[in-house]
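K.L.:
Line by line, the protein sequences give chains A and B.
Counting the first sequence from 1 gives a position; my numbering is that position plus 12.
Counting the second sequence from 1 gives a position; my numbering is that position plus 135.
Just so you know, the hints here were simulated from the structure itself, not pulled from any lab data.
We treat Cβ as the ideally placed atom computed from N, Cα and C, and that holds for glycine.
A hint or two may mislead.
Residues from chain A that keep clear of chain B, each with C-beta distances beyond 10 Å, as calculated [unchecked claim]:
id, residue
1, L17
2, S63
3, G113
4, K177
5, V186
6, D208
7, K254
8, M298
9, G389
10, A418
11, N421
To spell it out: a stretch of chain A is covered by chain B in this simulated footprint if at least three of its residues, at any positions, have a beta carbon under 8 Å from a beta carbon of chain B; those stretches are [stated by the list, open to error]:
id, region
12, 192 to 206
13, 354 to 366
Residue-level listing of the chains:
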Amino acid sequence: MENLLLSIEAILQWDTLLLMVVGVIAGIVFGCIPGFTITMAVALTLPFSFSLEPLQGISLMMGVWLGGASGGLISACLLGIPGTPSAMATTFDGYPMVKNGEPGRALSLGLWASFAGSLIGGIILVLAAPLLSSWAIKFGPWEFFSLMVFGLSAIATLGNGNLIKGLIAGLLGVFIGTFGLDPVGGAQRFTFGLTDLLSGFNYLPILIGIFAFSQLLSEVTKSSADKFTLDKNINLHYPISKVIKDLATSWVSVIRSSLVGTFVGALPGAGSSIANILSYDIEKKMSKHSKLFGTGRKEGIIAAEAANNSSEGGALIPTLALGIPGSAVTVMMMGALLVHGIQPGPYFLVSEPVLAYGIFLAFFISAIFMLLIQAFGIRLFLRITDIPMHYLLPVVLILCALGSFAVNNRVFDIWVLLIFGVVGYFLKKFNFTLAAFVLGVILGPMTEVNLRRAISTDADLTLFFTRPISGVLLGLTIASLIYAVVSEIRNERKLQSESSNSIKG
Amino acid sequence: MANNRLVSIGLLLFCGFFYYQSTLIESKELSGLPATFFPRLILGIIAFLSVIMLIKSFFVPTKVTKKSDSTEGKSKKEWIVWVLFGLFAIYLVLIDVVGFITSSFLYMATVYLLIVQQKKSWKKHLVAIGGLLAITLGITLFFQGVLHVYLPKGLFF
Numbered sequence: 013m014e015n016l017l018l019s020i021e022a023i024l025q026w027d028t029l030l031l032m033v034v035g036v037i038a039g040i041v042f043g044c045i046p047g048f049t050i051t052m053a054v055a056l057t058l059p060f061s062f063s064l065e066p067l068q069g070i071s072l073m074m075g076v077w078l079g080g081a082s083g084g085l086i087s088a089c090l091l092g093i094p095g096t097p098s099a100m101a102t103t104f105d106g107y108p109m110v111k112n113g114e115p116g117r118a119l120s121l122g123l124w125a126s127f128a129g130s131l132i133g134g135i136i137l138v139l140a141a142p143l144l145s146s147w148a149i150k151f152g153p154w155e156f157f158s159l160m161v162f163g164l165s166a167i168a169t170l171g172n173g174n175l176i177k178g179l180i181a182g183l184l185g186v187f188i189g190t191f192g193l194d195p196v197g198g199a200q201r202f203t204f205g206l207t208d209l210l211s212g213f214n215y216l217p218i219l220i221g222i223f224a225f226s227q228l229l230s231e232v233t234k235s236s237a238d239k240f241t242l243d244k245n246i247n248l249h250y251p252i253s254k255v256i257k258d259l260a261t262s263w264v265s266v267i268r269s270s271l272v273g274t275f276v277g278a279l280p281g282a283g284s285s286i287a288n289i290l291s292y293d294i295e296k297k298m299s300k301h302s303k304l305f306g307t308g309r310k311e312g313i314i315a316a317e318a319a320n321n322s323s324e325g326g327a328l329i330p331t332l333a334l335g336i337p338g339s340a341v342t343v344m345m346m347g348a349l350l351v352h353g354i355q356p357g358p359y360f361l362v363s364e365p366v367l368a369y370g371i372f373l374a375f376f377i378s379a380i381f382m383l384l385i386q387a388f389g390i391r392l393f394l395r396i397t398d399i400p401m402h403y404l405l406p407v408v409l410i411l412c413a414l415g416s417f418a419v420n421n422r423v424f425d426i427w428v429l430l431i432f433g434v435v436g437y438f439l440k441k442f443n444f445t446l447a448a449f450v451l452g453v454i455l456g457p458m459t460e461v462n463l464r465r466a467i468s469t470d471a472d473l474t475l476f477f478t479r480p481i482s483g484v485l486l487g488l489t490i491a492s493l494i495y496a497v498v499s500e501i502r503n504e505r506k507l508q509s510e511s512s513n514s515i516k517g
Numbered sequence: 136m137a138n139n140r141l142v143s144i145g146l147l148l149f150c151g152f153f154y155y156q157s158t159l160i161e162s163k164e165l166s167g168l169p170a171t172f173f174p175r176l177i178l179g180i181i182a183f184l185s186v187i188m189l190i191k192s193f194f195v196p197t198k199v200t201k202k203s204d205s206t207e208g209k210s211k212k213e214w215i216v217w218v219l220f221g222l223f224a225i226y227l228v229l230i231d232v233v234g235f236i237t238s239s240f241l242y243m244a245t246v247y248l249l250i251v252q253q254k255k256s257w258k259k260h261l262v263a264i265g266g267l268l269a270i271t272l273g274i275t276l277f278f279q280g281v282l283h284v285y286l287p288k289g290l291f292f
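Could you put together the complete structure from these sequences and hints?
P.N.:
If you want it as structure tokens, here you go:
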């Protein structure tokens, strides 16, 4: 109780609240500009969090994250193109509803469903994270190793559908994590005589390079014909009482979608984009009016938006309780905590209770700010979608450089940004999962340390399978790999039969 | 599929190069596993998966999709990305010589002129470039004054 009061006191400081407001605004701005992503926005927030207290830094990132998730719905509804990948399914019914002459209703429903999803996801986070961490506190190096292998395999198999590429991306990340001094014996590995490489690659320039720098540059390839314009005089008014009535009559959809979103978010690698689509699909299948989906059904918007926001609460559960990030954004949040010397994982809730409660509170407060700011500032955000890329891109590129420099005050880290910008561009071009690569970079060193610690404690390799939790986790890893292999074989067979049919045709 | 073939070969070369580099690691096997074990294990698995991808590229068909106009436009514009990467490398070299403010302003102005798609009058370009200079100065002041991140200085400032 005392810790909770201390965290309430810390989070209610005016500067922390202000940072959350700024974060939510920045998130909505990034969310509503097609081509910019939430991950990109959070990556750019990283350098600003260095000079802040850990709770303030995380609060800022939380604001950006929640703001971004709901900001994506603006262009999804009004333009028919998702502002972020996690608003893809929102376009299915949001855009038709706008076309049917109800733009205010579409946006209000999306916004309030996002808010409800955030609240439900947040409540599950608060209940599940302590339970999971009290279970994981009994882990030894064998269990940690197996857990990390499971996390890496899950993110690779759930990624973009290509198992081999997902696994290779994750393993490449793990390999990059081996550069620098060996964590056990101190031997130099792949340093090429560079003193800057003795401590390995700092993962923050890698994150910014992979998620912001390379993505931004690939935006340049899009032609001006891809740009859309909005009618700024569109009537967006829709009474709150009607929105609440809409949500109340679809309360089953709200709860079901939020539960689906939270569950999907908690799976490593699944993230808000999958939650958004899966929840919409489930809602459509469960509905008595499934044929009307895609014509502007309110349940379609509710399912999509409640799920993508609730997935964020879900993604925080394994991040805080196990130290295994559930999504690309939580990888960065974990990175921000590591910069401050705080290690998320089973001991986090015990050793940093004030910070942990503060993070939970920041989640709820950011959700409230998201609702208020987006409801009152919608017209302003509509104007932001008008800013041309040739003004935004140079500025954001320089912010990427500055963010990387600020990590250690050395130009070497900006070179790391450039190198991993190129790597990210290649990975994306050849359909490798970016999130798997980055998770590999973060989890790789921890995986190695736990493997070597386990073996130096007892050289018996069968312990990885015979210790119950470790065995179950490795069993799950094998099961997820088998599942991915089977579904890939099915897809290939389908492709083969399609191509043979097209040849016959 | 040809792409996957190239990627597989590239990855195998990557694994070969770093396997050779791993032989140069001076590892003392004090207890348990040597320092070379983990990187070699990872390289081995990457190489194994690359070989599978290479073999699959000869047998498994991919979905044949009709190239859209926008995709064609995209490939035409891809050279810009490489120019921007190259310019960024030049920018990094310049930071040490002329400092953060000058090099960042030059980089932003060059990127702006390179990617601007509409034809504009020189006055409009001048205003935009002036805005970029103001942003450079604003960012510098914010990072140095508020975040206490001191940016590299060059020949002039």
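K.L.:
Take the hints in turn and mark each one as holding or not.
P.N.:
Now for the hints, and whether the structure bears them out:
No Cβ of chain B approaches the Cβ of A/L17 within 10 Å, the least distance being about 30 Å, so the stated non-interface status holds. Its beta-carbon lying about 5 Å from the closest one in chain B, A/S63 breaks the requirement of being farther than 10 Å from that chain. Every beta carbon of chain B lies more than 10 Å from that of A/G113, the smallest distance being close to 30 Å; the non-interface claim holds. The Cβ of A/K177 sits about 8 Å from the closest Cβ of chain B, inside the 10 Å cut-off, so the non-interface label is violated.
Not every Cβ of chain B is farther than 10 Å from the Cβ of A/V186; the closest lies at roughly 5 Å, contradicting the non-interface assignment. Distance to chain B confirms A/D208 as a non-interface residue, since its nearest Cβ pair spans about 13 Å, more than 10 Å. Every beta carbon of chain B lies more than 10 Å from that of A/K254, the smallest distance being close to 39 Å; the non-interface claim holds. With a least CB separation of 30 Å from chain B, A/M298 remains clear of the 10 Å interface cut-off, as annotated.
A/G389, annotated as away from the interface, keeps every beta carbon of chain B farther than 10 Å; the closest lies near 23 Å. Taking the minimum C-beta to C-beta distance to chain B, about 5 Å, the non-interface status of A/A418 is violated against the 10 Å cut. Taking the minimum C-beta to C-beta distance to chain B, about 7 Å, the non-interface status of A/N421 is violated against the 10 Å cut. With 7 residues bearing a CB less than 8 Å from a CB of chain B, the region 192 to 206 of chain A meets the requirement of three and the coverage assertion stands.
With 0 residues having a Cβ less than 8 Å from any Cβ of chain B, the region 354 to 366 of chain A misses the three-residue criterion, and the hint is violated.
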